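Read off the chains here:
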Amino acid sequence: MMMSIGAVAAASTLDLLAYSPPGWGATLLKGLLNSIVIALGAYGLGLLIGIGGAFGKLYGGPVLKDLLAVYTTIVRAVPELVLILILFYAFTGVLNEALLAWGFDRVQISPIVTGIAVLGIVQGAYQTEVLRGGILAVPSGQIEAARAMGMSRGLLARRITLPLMASNALPGMANLWLNATKDTALLAVIGFSELTQATKQAASTTKAFFTFFAAAMVLYLCISLLSTFLIGRIEKWARRGQRDMRG
Amino acid sequence: MTTNAQTAEQPIAIRVSGLLKSFGSHEVLKGVSLCAREGDVVAIIGGSGSGKSTMLRCVNFLETPSGGDIEIGGEKVEMHADGSPSNRRQIERLRQSLGMVFQNFNLWTHKTVLENLIEVPVHVLKCPKDEAIDRARKLLKRVGLAEKEGAYPAFMSGGQQQRAAIARALCMNPKAMLFDEPTSALDPELVGEVLQVIKGLADEGRTMILVTHEMKFAREVASHVIYLHNGVIEEEGPPEALFGAPKSERLKQFLKTVG
Numbered sequence: 001m002m003m004s005i006g007a008v009a010a011a012s013t014l015d016l017l018a019y020s021p022p023g024w025g026a027t028l029l030k031g032l033l034n035s036i037v038i039a040l041g042a043y044g045l046g047l048l049i050g051i052g053g054a055f056g057k058l059y060g061g062p063v064l065k066d067l068l069a070v071y072t073t074i075v076r077a078v079p080e081l082v083l084i085l086i087l088f089y090a091f092t093g094v095l096n097e098a099l100l101a102w103g104f105d106r107v108q109i110s111p112i113v114t115g116i117a118v119l120g121i122v123q124g125a126y127q128t129e130v131l132r133g134g135i136l137a138v139p140s141g142q143i144e145a146a147r148a149m150g151m152s153r154g155l156l157a158r159r160i161t162l163p164l165m166a167s168n169a170l171p172g173m174a175n176l177w178l179n180a181t182k183d184t185a186l187l188a189v190i191g192f193s194e195l196t197q198a199t200k201q202a203a204s205t206t207k208a209f210f211t212f213f214a215a216a217m218v219l220y221l222c223i224s225l226l227s228t229f230l231i232g233r234i235e236k237w238a239r240r241g242q243r244d245m246r247g
Numbered sequence: 001m002t003t004n005a006q007t008a009e010q011p012i013a014i015r016v017s018g019l020l021k022s023f024g025s026h027e028v029l030k031g032v033s034l035c036a037r038e039g040d041v042v043a044i045i046g047g048s049g050s051g052k053s054t055m056l057r058c059v060n061f062l063e064t065p066s067g068g069d070i071e072i073g074g075e076k077v078e079m080h081a082d083g084s085p086s087n088r089r090q091i092e093r094l095r096q097s098l099g100m101v102f103q104n105f106n107l108w109t110h111k112t113v114l115e116n117l118i119e120v121p122v123h124v125l126k127c128p129k130d131e132a133i134d135r136a137r138k139l140l141k142r143v144g145l146a147e148k149e150g151a152y153p154a155f156m157s158g159g160q161q162q163r164a165a166i167a168r169a170l171c172m173n174p175k176a177m178l179f180d181e182p183t184s185a186l187d188p189e190l191v192g193e194v195l196q197v198i199k200g201l202a203d204e205g206r207t208m209i210l211v212t213h214e215m216k217f218a219r220e221v222a223s224h225v226i227y228l229h230n231g232v233i234e235e236e237g238p239p240e241a242l243f244g245a246p247k248s249e250r251l252k253q254f255l256k257t258v259g
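If you read the sequences in order, they're chains A and B. First residue of the first sequence: 1, per our numbering; consecutive thereafter. First residue of the second sequence: 1, per our numbering; consecutive thereafter.
Read the hints as simulated data drawn from the structure, not as lab findings. The structure displayed is predicted, hence computed values, not measured ones. Where a beta carbon is used, it is the ideal one built from N, C-alpha and C, also for glycine. Treat each hint with caution, since some may be false.
[Unchecked claim] Now the in silico label distances, taken between C-beta atoms and shown as ranges:
no., chain 1, residue 1, chain 2, residue 2, range
1, B, D69, A, K236, 47 to 55 Å
2, A, V94, B, G31, 29 to 37 Å
3, A, L226, B, R93, 28 to 36 Å
4, A, P139, B, T64, 50 to 58 Å
5, A, L81, B, D134, 22 to 30 Å
6, A, L155, B, R250, 26 to 34 Å
7, B, E75, A, S140, 25 to 33 Å
8, B, K129, A, Q242, 24 to 32 Å
9, A, K236, B, T64, 39 to 47 Å
10, A, G141, B, K30, 22 to 30 Å
11, A, L136, B, L255, 51 to 59 Å
12, A, R240, B, R250, 28 to 36 Å
13, B, T64, A, L155, 57 to 65 Å
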């Protein structure tokens with residue numbers, strides 16, 4: 001009797017996680033895909049902001065430096081959840097106000113775009129600081145050698161500073177990537193159906209909370225493990241030419 | 001200004017006149033001049049803090065002068081009244097004709113030796129890659145590093161790194177070479193191999209300005225020697241005169257201390 005209940009429970013758990021209805025597998029995987037797309041998009045946007053921000057903070061004019069200082073200070077001071085709420089409502093609100101003022105209709109912005117923009121702005125602030133630290137750690141002689149040979153600023157940044165900075169910045173940048181994957185869960189508060197939101201929906205409908213949140217946990221863990229593996233490969237590549245300092 | 005008799009008719013490669021440089025209120029160069037004709041080897045000597053490295057670094061604007069004139073290959077560098085260069089493109093172009101060798105080698109650590117050599121020829125001078133690699137290999141052979149082309153700088157000795165750095169500068173086909181204390185960071189037993197390469201360049205008639213602590217070497221390779229003291233040229237002339245019969249008390253004292 002006991003055994004058959006166990007067997008039924010196991011069977012129904014698998015049924016719940018099945019890909020097609022009544023299983024919720026498809027919903028979870030769609031949530032996972034959304035999470036990954038948002039994380040990649042936000043990280044990419046953050047990288048653009050971060051590279052620009054780091055160079056701006058180091059080599060920009062006084063006004064640019066001040067603006068960047070305000071940006072990184074505020075974004076890093078406010079809890080991400082609060083920022084997401086503020087930026088989400090402000091972003092869409094301000095945009096629509098502007099559109100109305102110019103005589104256009106309101107628009108509904110795709111949640112993916114909003115999610116990427118909001119998390120990208122958060123990522124950008126942290127990446128600015130990590131990349132700035134990475135650039136500062138590049139030996140100045142190597143930059144000087146490139147200048148002495150007549151490299152233009154753009155070429156120097158692309159061919160010398162950025163690759164040399166990469167190995168310095170990678171551990172910090174890897175942390176930020178893992179943060180980006182997990183921060184997507186915060187988008188559940190604005191009702192975006194990423195993995196956590198999809199899990200909540202599945203769990204509250206079926207009341208199988210443990211099953212679904214355990215499944216979500218495994219999926220997040222998979223992202224993290226895959227990321228760690230890839231980061232290891234990238235780090236090995238970025239550290240080419242360096243002696244192993246561990247002795 | 002005196003120049004070597006053999007090169008007196010040659011066009012002027014580098015001319016510096018009335019160069020001033022201050023760091024804040026500290027005056028490092030108080031109006032120094034230098035003239036290197038093609039084929040000249042000008043050695044700048046002087047005690048620590050005399051301004052000799054600063055003078056060299058002003059030639060390719062790694063330091064921004066506070067005043068004076070600089071002319072490279074007959075082209076006057078455009079400067080603001082305060083001495084700062086007013087045309088960044090011109091500076092970049094002129095720098096491409098000057099091969100600089102640093103005290104600390106400054107090879108790019110993320111690139112192999114061969115990649116270090118072809119970086120500027122390919123990406124700045126737009127030379128075809130095969131051609132640059134050919135030239136790089138010949139230069140590496142010349143400085144005795146043919147078998148090191150795939151090595152990363154961190155895995156080479158100081159002497160090897162400096163020879164690679166000289167090859168890197170030569171790979172741009174520069175009109176003149178600037179050496180900023182090229183052997184000062186080397187272990188004594190590695191100095192010889194680097195000086196030998198530099199001597200080879202002098203012998204083939206390359207124009208060079210050399211800041212050095214190696215008095216014997218300066219005497220051997222230079223066509224003209226400048227002794228700097230506290231940002232002023234205290235004495236200058238052909239090496240035999242300067243080292244053989246120094247006139248100023250300070251130079252006599254200096255030569256005595258450095259041996």
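Each hint tested on the structure:
no. : hint                        : verdict
1   : B:D69 x A:K236: 47 to 55 Å  : holds, 51 Å
2   : A:V94 x B:G31: 29 to 37 Å   : violated, 59 Å
3   : A:L226 x B:R93: 28 to 36 Å  : violated, 48 Å
4   : A:P139 x B:T64: 50 to 58 Å  : violated, 21 Å
5   : A:L81 x B:D134: 22 to 30 Å  : violated, 60 Å
6   : A:L155 x B:R250: 26 to 34 Å : violated, 44 Å
7   : B:E75 x A:S140: 25 to 33 Å  : holds, 28 Å
8   : B:K129 x A:Q242: 24 to 32 Å : holds, 25 Å
9   : A:K236 x B:T64: 39 to 47 Å  : holds, 40 Å
10  : A:G141 x B:K30: 22 to 30 Å  : holds, 27 Å
11  : A:L136 x B:L255: 51 to 59 Å : violated, 42 Å
12  : A:R240 x B:R250: 28 to 36 Å : violated, 49 Å
13  : B:T64 x A:L155: 57 to 65 Å  : violated, 21 Å
Figure legend: structure checked against the earlier numbered hints; hints not met, in rising order: 2, 3, 4, 5, 6, 11, 12, 13.
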